[in-house]
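Participant: Starting from the known structure of chain A, arrange chain B on it as the hints suggest.
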Amino acid sequence: MADPARIKTEGSLEKGGFINEESPKTEHEPVPETSAEMSADDNKELSTQDHLKDLKTETEAAAAADDEEEGTSGQPSSKRLKVEPEKKKEKRHKVDEDEIQKMQVLVSSFSEEQLNRYEMYRRSAFPKAAIKRLIQSITGSSISQNVVIAMSGIAKVFVGEIVEEALDVCEKWGDTPPLQPKHLREAVRRLKSRDQIPNSKYKHILFH
Amino acid sequence: MAEEEDEPGFEEEQEDGSGGVDAAGHGRRKRLFSKELRCMMYGFGDDQNPYTESVDILEDLVIEFITEMTHKAMSIGRQGRVQVEDIVFLIRKDPRKFARVKDLLTMNEELKRARKAFDEANYGS
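Protein chains in written order, with my numbering: chain A, 4 to 211; chain B, 429 to 553.
Bound-form chain A, shown alone:
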């Protein structure tokens, strides 16, 4: 599932516009102009329904666009591992269709608060400039756009894993949100024991 949370700052209108052009099966009106200037803070000003239709369209477009991925040019950054046979592609397309429809049904039945949260979930993202600056300050050399995209995406998933684990801990200890530092620390401890948090700070010497 694509995350149109990318669509937060400059260039967002372009992206929204193109996705509409690309996917003929959407029956929804063009993306409102104002979505270009949107940042996470302004989200509340516009109607949530519009955003979610926007997000839904983009997911459909992603599925429609998925078909074309077999013909991806030989760019090193997006290697295809295998060439899928025709049958598998159709089945996968159908599965995506089902999934999209189910998502639409689900999202349409959300309450106001759930809609807000879902919107935040989709739209929040790390600022590309800051990530780029951070990585470049570590490597000392310049990096490509794709690296920034990949790293921000992974960082967001990382945050998600920690927050979800911390919510589990919070519930288990009989507390209520908002999360406290002790929940987060326990979550990190648990994730570390599952090797989901990289730690190269100590060398494990096998035989000594």
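No lab work stands behind these hints: they were computed from the structure. Backbone N, C-alpha and C fix where the C-beta goes; we use that ideal spot for every residue, glycine too. Worth double-checking, as some hints may not be accurate.
Unchecked claim - Per the computed footprint, the stretches of chain B lying under chain A, defined by three or more beta-carbons under 8 Å from a beta-carbon of chain A, are:
| hint | segment |
| --- | --- |
| 1 | 470-482 |
| 2 | 490-503 |
| 3 | 506-517 |
| 4 | 531-540 |
Unchecked claim - Derived coverage of chain A by chain B (criterion: at least 3 residues anywhere in the stretch with Cβ under 8 Å from a Cβ of chain B; other residues may be distant):
| hint | segment |
| --- | --- |
| 5 | 125-136 |
| 6 | 149-155 |
| 7 | 159-167 |
| 8 | 170-184 |
| 9 | 191-201 |
Stated by the list, open to error - Simulated crosslink set (DSSO-like; lysine-lysine; CA at most 30 Å straight-line):
| hint | chain 1 | residue 1 | chain 2 | residue 2 |
| --- | --- | --- | --- | --- |
| 10 | B | K530 | B | K540 |
| 11 | A | K105 | B | K540 |
| 12 | A | K175 | B | K463 |
| 13 | A | K131 | B | K500 |
| 14 | A | K131 | B | K544 |
| 15 | A | K195 | A | K131 |
| 16 | A | K135 | A | K206 |
| 17 | A | K91 | B | K521 |
| 18 | A | K131 | B | K530 |
| 19 | A | K92 | B | K530 |
| 20 | A | K105 | A | K91 |
| 21 | A | K135 | B | K500 |
| 22 | A | K204 | A | K135 |
| 23 | A | K105 | B | K530 |
| 24 | A | K97 | B | K544 |
| 25 | B | K521 | A | K92 |
| 26 | A | K185 | B | K463 |
| 27 | B | K463 | A | K135 |
| 28 | A | K131 | B | K521 |
| 29 | B | K458 | A | K135 |
| 30 | B | K530 | A | K135 |
| 31 | B | K540 | A | K92 |
| 32 | B | K521 | A | K97 |
| 33 | B | K521 | A | K90 |
| 34 | B | K463 | A | K195 |
| 35 | B | K463 | B | K500 |
| 36 | A | K195 | A | K185 |
| 37 | A | K195 | A | K175 |
| 38 | B | K540 | A | K97 |
| 39 | B | K540 | B | K500 |
| 40 | A | K195 | A | K135 |
Facilitator: Frame of chain A; chain B shown alone:
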């Protein structure tokens, strides 16, 4: 109990200005991701107004994560450089992150192609 976890939070904030290294976290001079992290935490299930200390801890964790990944990526593949293939390789064991990176890169390719097609169409007319 409440006093106990106030203290570590306290220490972190005091050392924040000095930028010194301390056991609990790296003393960053300025918070890079405060706003975005708040929205993210809400999106992932926390309260609408998460605690500042929690946001700080998460920011430190994220920066540490990115730093670790970058260092690892620099040590494999082409030395001294960070490339997408390296990141994908490092992530291969984690199904969620791997799928996410693949999706993002695919979407990016799609968007680039669409934009290019649009520009060419525009240029032609």
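Participant: Against each hint, give a clear statement of whether it holds in the structure.
Facilitator: Consistency of the hints with the structure:
1. For the segment 470-482 of chain B, the proposed coverage by chain A is satisfied: 11 residues have a C-beta within less than 8 Å of a C-beta in that chain, meeting the threshold of three.
2. A stretch counts as covered by a chain when three or more of its residues have a beta carbon under 8 Å from one of that chain; for the segment 490-503 of chain B and chain A the count is 11, and the coverage holds.
3. Counting residues of the segment 506-517 of chain B whose CB falls under 8 Å from any CB of chain A gives 8; the rule of at least 3 is met.
4. Remark: the segment 531-540 of chain B is confirmed as covered by chain A, as 9 of its residues place a Cβ nearer than 8 Å to a Cβ of that chain, reaching the required three.
5. Counting residues of the segment 125-136 of chain A whose C-beta lies closer than 8 Å to any C-beta of chain B gives 8; at least three are required, and the coverage claim holds.
6. With a cut-off of 8 Å between beta carbons, the segment 149-155 of chain A has 5 residues touching chain B; three or more are needed, and the interface restraint holds.
7. Taking a C-beta to C-beta cut-off of 8 Å, the segment 159-167 of chain A contributes 9 residues in contact with chain B, enough for the three needed, and the coverage statement holds.
8. Remark: the segment 170-184 of chain A is confirmed as covered by chain B, as 6 of its residues place a Cβ nearer than 8 Å to a Cβ of that chain, reaching the required three.
9. Counting residues of the segment 191-201 of chain A whose beta carbon lies closer than 8 Å to any beta carbon of chain B gives 4, which reaches the threshold of three, so the coverage claim holds.
10. The straight-line distance between the Cα atoms of B:K530 and B:K540 is roughly 15 Å, inside the 30 Å bound, and the hint therefore holds.
11. Taking the CA atoms of A:K105 and B:K540, the gap is near 28 Å; set against the 30 Å cutoff, the hint holds.
12. Using a Cα cut-off of 30 Å, the hinted pair A:K175 and B:K463 holds, with the two alpha carbons roughly 28 Å apart.
13. Distance hint between A:K131 and B:K500 is fulfilled; the C-alpha atoms sit about 21 Å from each other, no more than 30 Å.
14. Using a Cα cut-off of 30 Å, the hinted pair A:K131 and B:K544 holds, with the two alpha carbons roughly 22 Å apart.
15. The hinted pair formed by A:K195 and A:K131 meets the criterion: a straight-line CA distance of about 27 Å does not exceed 30 Å.
16. For a cut-off of 30 Å, the pair hint linking A:K135 to A:K206 stands: about 29 Å separates their Cα positions.
17. For the proposed pair A:K91 and B:K521, the alpha carbon gap of about 24 Å is at most 30 Å, so the pair holds.
18. In summary, the hint linking A:K131 to B:K530 is supported, as the alpha carbons are separated by about 18 Å, within the 30 Å threshold.
19. Note on A:K92 and B:K530: the hinted pairing holds, with a Cα-Cα distance of about 17 Å set against a maximum of 30 Å.
20. Restraint check: the Cα-Cα separation between A:K105 and A:K91 comes to about 21 Å, which is no more than 30 Å; the hinted pair holds.
21. Pair hint A:K135 plus B:K500 holds up; C-alpha atoms about 17 Å apart against a cutoff of 30 Å.
22. At roughly 24 Å between alpha-carbon atoms, A:K204 and A:K135 fall within 30 Å of each other, so this suggested pair holds.
23. A threshold of 30 Å between alpha carbons decides the hint, and for A:K105 with B:K530 the separation of about 22 Å falls inside it, so the pair holds.
24. Distance hint between A:K97 and B:K544 is fulfilled; the C-alpha atoms sit about 28 Å from each other, no more than 30 Å.
25. Only pairs whose Cα atoms come within 30 Å are accepted, and B:K521 paired with A:K92 is accepted, the gap being roughly 25 Å.
26. Our distance criterion of 30 Å between C-alpha atoms is met by A:K185 and B:K463, whose separation comes to about 21 Å.
27. Distance check on the hinted pair: B:K463 and A:K135 sit about 18 Å apart at the alpha-carbon level, within 30 Å; holds.
28. Pair hint A:K131 plus B:K521 holds up; C-alpha atoms about 25 Å apart against a cutoff of 30 Å.
29. Straight-line distance between C-alpha atoms of B:K458 and A:K135 comes to about 16 Å, which keeps the hinted pair within the 30 Å bound.
30. A C-alpha spacing of about 19 Å is found between B:K530 and A:K135, which places the hinted pair at or below 30 Å, so the restraint holds.
31. With a CA separation close to 23 Å, the supplied pair B:K540 and A:K92 stays within the 30 Å bound.
32. Simply put, B:K521 and A:K97 have alpha-carbon atoms about 27 Å apart, close enough for the 30 Å limit, and the pair holds.
33. With a C-alpha separation of about 28 Å, the suggested pairing of B:K521 with A:K90 holds against the 30 Å cut-off.
34. Proximity of B:K463 to A:K195 is assessed by CA-CA distance (about 26 Å); at most 30 Å being required, the pair is judged to hold.
35. Simply put, B:K463 and B:K500 have alpha-carbon atoms about 28 Å apart, close enough for the 30 Å limit, and the pair holds.
36. Taken as a hint, the A:K195 and A:K185 pair is honoured in the structure, with Cα atoms around 15 Å apart against an allowance of 30 Å.
37. Between the alpha carbons of A:K195 and A:K175 the distance comes to roughly 19 Å, so the proposed pair stays at or under 30 Å and holds.
38. A C-alpha spacing of about 25 Å is found between B:K540 and A:K97, which places the hinted pair at or below 30 Å, so the restraint holds.
39. A hinted pair counts as satisfied when its Cα atoms are at most 30 Å apart, and B:K540 with B:K500 qualifies at roughly 29 Å.
40. Distance hint between A:K195 and A:K135 is fulfilled; the C-alpha atoms sit about 26 Å from each other, no more than 30 Å.
In this structure, none of the earlier numbered hints is contradicted; all agree with it.
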